[in-house]
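For the protein sequence lines, the chains are P and F, in the order given.
The numbering of the first sequence is our numbering, which starts it at 1 and goes up by one.
The numbering of the second sequence is our numbering, which starts it at 1 and goes up by one.
Honestly, the hints are just simulated from the structure, not real lab data.
Just so it is clear, the structure is predicted and the values come from calculations on it, not from any experiment.
Among the hints, a few may not be true.
Covered by chain F, per the in silico footprint, the following chain P stretches (three or more residues, Cβ under 8 Å) [unchecked claim]:
no., segment
1, 7-17
2, 23-35
3, 44-53
Note that the Cβ used here is the ideal one computed from N, Cα and C, for glycine as well.
Spelled out, the chains give:
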Amino acid sequence: MSSKPESISIWFFVGILLAFYGLVITAEGLYHLVVPPAREVVLAWLHADLWWGALLFAAGLFYGYHFAPRNHDSQVALKPKDDA
Amino acid sequence: MSGPLLFAVAAPAESLFSLGAADLVIIAAYFAMVLAIGLYLKGRTQTGDDFFMAGREMTAWIAGLSFLSANLGSLELMGWAAASYQYGLLAVHWYWIGAIPAMLFLGIVMMPFYYISKTHSVPGYLQLRFGESSRALAAVSFAVMTVLMSGINMYSMALVMKVVLGWDINFSIWVSSLTVAAYVALGGLRSAIFNEVLQFVLIWAGALLIPILGLYEAGGWAGLQARIAEQLGRTDFTHAWSTLGRFQDNPMGVHWTGIVFGLGWVISFGYWTTDFLVVQRVLAAKDLRAAKMAPIIGAGFKMMVPFIVILPGLLGLALLPEKLTGEAEAVATGGHSYNEVLPLMLARYCGPGLLGLGITALIAGFMAGMAGNVSAFATVWTYDLYRAFIKPDASDAHYVAMGRWCTILGVLASIGTAYLVMEFQSIMDYVQALFSFFIAPLFGTVILGMLWKRATSAGGFWGLLAGTVSSIAMWLWVKLDPSALRYVALSPDAKDMAENLYRGLWSWIICVVVTVAVSLATKPKPDADLVGLVYGCTAIPSEQDVALWERPIFWAGVVAVVFVALNLYFW
Chain P
1 MSSKPESISI WFFVGILLAF YGLVITAEGL YHLVVPPARE VVLAWLHADL
51 WWGALLFAAG LFYGYHFAPR NHDSQVALKP KDDA
Chain F
1 MSGPLLFAVA APAESLFSLG AADLVIIAAY FAMVLAIGLY LKGRTQTGDD
51 FFMAGREMTA WIAGLSFLSA NLGSLELMGW AAASYQYGLL AVHWYWIGAI
101 PAMLFLGIVM MPFYYISKTH SVPGYLQLRF GESSRALAAV SFAVMTVLMS
151 GINMYSMALV MKVVLGWDIN FSIWVSSLTV AAYVALGGLR SAIFNEVLQF
201 VLIWAGALLI PILGLYEAGG WAGLQARIAE QLGRTDFTHA WSTLGRFQDN
251 PMGVHWTGIV FGLGWVISFG YWTTDFLVVQ RVLAAKDLRA AKMAPIIGAG
301 FKMMVPFIVI LPGLLGLALL PEKLTGEAEA VATGGHSYNE VLPLMLARYC
351 GPGLLGLGIT ALIAGFMAGM AGNVSAFATV WTYDLYRAFI KPDASDAHYV
401 AMGRWCTILG VLASIGTAYL VMEFQSIMDY VQALFSFFIA PLFGTVILGM
451 LWKRATSAGG FWGLLAGTVS SIAMWLWVKL DPSALRYVAL SPDAKDMAEN
501 LYRGLWSWII CVVVTVAVSL ATKPKPDADL VGLVYGCTAI PSEQDVALWE
551 RPIFWAGVVA VVFVALNLYF W
């Protein structure tokens, strides 16, 4: 019997990082609504940073919550008997 | 199969763009996360099986994404985006026919033998099937080439960072290398696999906006085709097969036979089914069904990669105001080269924050690729060379310690190679050619070993050696006498890429012929010694009790149908 601690799914780490990135990118997009950036990008009026950042944030929250270490039932990545 | 690289000459003095505070925060968060993952996984890495095989407990999804990501480095992305700018949709063959059939074949036909034999590596399988001499030949060539390739990639990436961001080359090399050394030495293969999955997500998160916004700007696929046709005065840049009837009808100077038999058969099958760097990820799967599904899942995603690699290159051709050129001309004129098309498209659509994410995706791709190299190197060195020939009776803990140390030494050797390449850049061409010498013949040896029980140990060894030596000889022949191209590549119009395809095909044929001839002249192994290793001597577990949609063969069929449909649509 192994003495290894309970594993954390890779998807939890992915979720945390995506949520953080989404937050930073969305915040940056909101800031640039008020203060236009020095370098204007093509299709700036589509505000890709706002909706793409929000999408990353939402996906990150979902993965971070769903695969959080406390949710043992949803641990799928590393346990031998579970599958994704 | 690395991209058609890349930044082989001195970088210009000015960088493409600079990063803001949000971009730097995003990059720093990535470094913090990978180190945190490495530290976390150290506690779960206690035995040799943990360190070298990730405990053999990866699900099909994790193993499949890692299998794909090991090949999805940033140089690969930038190189093939550049190739699509230069050659058009022809570049897509390296993602479709140059990958999908081989990945499906690995999953359905070959994986049972790799997995049931319980081998820890491809050279390990050769030892079980053909004996120590074949293992030694494959292990030494793989170990040396892996370290050299890792160093070349490291140098190329540092140069990319200099061109794109103006970062100091030494800074890029040392910071990224030490980070990789730390997290792989801590967590072994499991750490490398975790970071490859992370890299996979980051690459899509960072690069997917380019085709989305690019297609919007171009007016969809039809608008993109019309713009390219208008700019170039020709329509063949957006077709994959229609120009392959004659060597001189396409910018690559390649014939469909080279694409189908050279790339689609020998090079692709050689790389995807016998290169231990990618196969190692699948060997870490938790059971046989997961091991069979992993390459099929990888193939499904591989078909989509052109959306973030080939399409940006074509969009660059249609939308960028400046004309991109070869590297030497770009440096001479102060313009941009083909190799910069992906960063240029990134800068076109991505402001602060998004730009940092795109750059992080490139850095992650580089670091994950390097981690893949050093983790595969550590396994082959420790199990196939050190334990086999130097210290066979040590404890498991000793081999884990050796794995950790040779991870660090492998990184240091890669750094040494990077500085060597910096001084003598022609080395890059030679080493990339060297790598191709071993892949095609190795595929001949492994496939005969798995499917033909009459193949003998002597046949396997001499076939592998003959294939490798003949590949080197053909390469030297063309180097010394360029007119030999008409014999090796069947046409004087063939370019480097076409030459590689045909050289691989000939060396594979030579390997197979020699293996068969020597095997028929030598005594075969008894069937009892081939159980678990060869078709006809191995009982493959039945999947009759599994629902149809859970069977690997069903999903392989789905992927195959989509693969055919894509090729027909973009004919």
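Verification of the supplied hints:
Interface restraint, the segment 7-17 of chain P with chain F: holds (7 residues with C-beta to C-beta distance below 8 Å; minimum three). Under the rule that three or more residues need a Cβ within less than 8 Å of chain F, the assignment of the segment 23-35 of chain P holds, with 6 such residues. Remark: the segment 44-53 of chain P is confirmed as covered by chain F, as 6 of its residues place a Cβ nearer than 8 Å to a Cβ of that chain, reaching the required three.
Taken one by one, the earlier hints all hold for this structure without exception.
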